[in-house]
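2 protein chains.
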Amino acid sequence: MNAEIIAIGSELLTSSRVDTNSLWLTGQLNALGVEVTQKAIVGDDRERLAASIRAALGRAPILILTGGLGPTEDDVTRDAVAQALSRDLIYSEEIQHWIEARFARFGRPMAEINKRQAFLVAGAEKLENPNGTAPGQWVDLPPAMLIMLPGPPHEMKPMFEDRCLGRLRERLPTRFIRTRFFRVAGMGESDLDQLIAPIYTPYSNPVTTILAAAGDIQIHLRAQADSLAAAERLAQELGEKIEAALGERIYSRDGAPLEKVVGTCLTQRGETLAVAESCTAGLLGGRITEVAGSSAWFLGGLLVYQTDMKLRLLGLDPALVAKHGVVSEEVAMAMAGAVRERTGSTWALAVTGEAGPDPSPGGPPPGTIWIGLAGPAGTGARLFRFPGDRIRIRAFAVQSSLNLLRLKLASIL
Amino acid sequence: MNAEIIAIGSELLTSSRVDTNSLWLTGQLNALGVEVTQKAIVGDDRERLAASIRAALGRAPILILTGGLGPTEDDVTRDAVAQALSRDLIYSEEIQHWIEARFARFGRPMAEINKRQAFLVAGAEKLENPNGTAPGQWVDLPPAMLIMLPGPPHEMKPMFEDRCLGRLRERLPTRFIRTRFFRVAGMGESDLDQLIAPIYTPYSNPVTTILAAAGDIQIHLRAQADSLAAAERLAQELGEKIEAALGERIYSRDGAPLEKVVGTCLTQRGETLAVAESCTAGLLGGRITEVAGSSAWFLGGLLVYQTDMKLRLLGLDPALVAKHGVVSEEVAMAMAGAVRERTGSTWALAVTGEAGPDPSPGGPPPGTIWIGLAGPAGTGARLFRFPGDRIRIRAFAVQSSLNLLRLKLASIL
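One line per chain: the protein sequences are A and B, in this order. Under the working numbering, think of the first position of the first sequence as -16, with each following residue one higher. Under the working numbering, think of the first position of the second sequence as -16, with each following residue one higher.
If a hint is listed, it holds; no wrong ones were tucked in.
Identical copies go unnamed one by one, so any copy, or any two together, can satisfy a pair.
Calculated lysine to aspartate or glutamate pairs in the EDC-like style (CA-CA distance at most 16 angstroms, straight line):
1. Lys243 <-> Glu254
2. Lys140 <-> Asp372
3. Lys109 <-> Asp123
4. Lys98 <-> Asp176
5. Lys98 <-> Asp174
6. Lys391 <-> Glu231
7. Lys140 <-> Glu111
8. Lys98 <-> Asp57
Just so you know, the hints here were simulated from the structure itself, not pulled from any lab data.
My request is simple: use the sequences and hints to build the entire structure.
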């Protein structure tokens, strides 16, 4: 079963307003086994909105409208629905009395303008609104349903939960949903897709969605069936194939970000981490400490942004730096070793590289990053070449540092 | 002139993903005097998307599509546009060579799958993509224009700015727009609005837009008129009133972020900065070094996340820490003084506080942050109490640290 959502309001067409209602409604609908197949945002324009409503009803059996039910001239949802369905608007004394009673509770008479809110689309049923003056409306158009909800989230959400959810559930075929979720590090999006597209493409159920950020890819599988066991079987079958293809590149199956996965592992082992950051200059430490409670395993570290700080704060040998350059295997290893010694940590990560946009005189091209890792059994370093601008290169460097440690802790490296 | 935007991608129809591209594009279009009259989000479904494209072109002379230009099977934008316009897709050897060259730069052969990205809609012009493999496309359909942009923001934004803005400007009727832009630190959004709403509310032109992030507020004024002088007069009149009300809380009039304002000031003075971070654990250093070239004035610093690191790396007196607690004026000042000494910087910022979500045993409530500042004339510290969750508290702490230094450098503090 599919649904569409139309959010109504010219303010939602500005550069600063996000339609959060549709996100919440999508979550609610998905939990019922309903897919949202299209969304639209339409301004306070009756003709436009009526056309959008007609088009949406031609595509999806469930249409939810939010917004435009207020008392002012630019609240056009009632009129647009009546126009789209070629139905009349009918004045409801019952709704008027209800709005009057609400005003009375706040010791005020009902404003004349609020009478606009007492019009129902012919054949519609009103949906009570305990949190505002705008009643919602439910129009049955068998086999379709059109639901009109107010725009303010604190009115829309309880109205949907209390007045719509049960009714929707009754009319929907019983569907069960099982999901799989993988987060992957250490490969690019196109490499990943080349590897797993042949696996997931033959399946239309589960639906596979891939989201990519710098060095971090999320794979969602969502299986639907008419029994829980069948949905689980579908999710498991495709999930296992993808797991087999990706192996250790999967770092999380429960949504936990990489810094949390690494932290959980260190906590279990009773070990600690410190960092020495040059081109990332704190982003790695900042990322690690997004995890509340990370002080159990993260000690701190050194920001050695200027070359001189690598000597002064970390005590690196000036001859070593002069010989190999700051962006080098030797310096990455020396940084990791020195910060491990200075902090007394079990593990230490070091990042040195060129984040751009321009290369330093005599330095390597932007995107060249050496990551050093020091631990109980010794020190090593890896070279990476990341694409993109300064922001992406630094994000890749942070992600790849954490992934290097993850692989080391899992004895894969 | 009106525009519509269609964001493409099934992941944008989940309950967790916001279409931020259309917000950014709306801001860009508004600045050209173009209103966005409708937006849609369509999944990776060619038929649906083709129908949406046809409908939108029937309503608005400018249609911008974002997303669906990747190399995989579920990237259907090229095909859907061809279908909607009843045009062929034509293979471009030129684009293929360009994609191959991009892969070669990273030392890899082009994946076969990327050939899909070399197809142009007949009559379309390609839009170069320096940040990814997906070229954009521009289709002239006089008097309409259809623009296809990639979905990842770091690819979409530069492509729009570099390849589309100038071309759009040429084709739009001449409206003169003058803007004023202020960035404000050191006050909350509701305090700010209480102060300036009485000033800007009487004006419908300029349009005033306020965007608030943690500790950082942006105020945009946008005046439109049919002559440059008239637009400038409108912008100047309201702009001056707002400047008078906000005074030194305005830190930028050209959009420069706070770290850049501070950096420019330090560069002019030939001075340097170092940091000692506890609860922010690198976020301040990471933020400072978002500015390319910041190594001219930012030296580095120390991440002293665990208490023991404050003694071990910074050499703080254990008795001082034990007496006052790590979140204290004394420790903030000692941290700033110590990192200034160890790095030899002109200025040093230190952050120590409780970011939450839970208070430490015996510690202050989450949101309590001491910021220390050491400079040539001595050391001081300020107490802040920030609202919100861990992420917001840490963002407030970073912003407030930089603002403290800005005010000090301007001799206001």
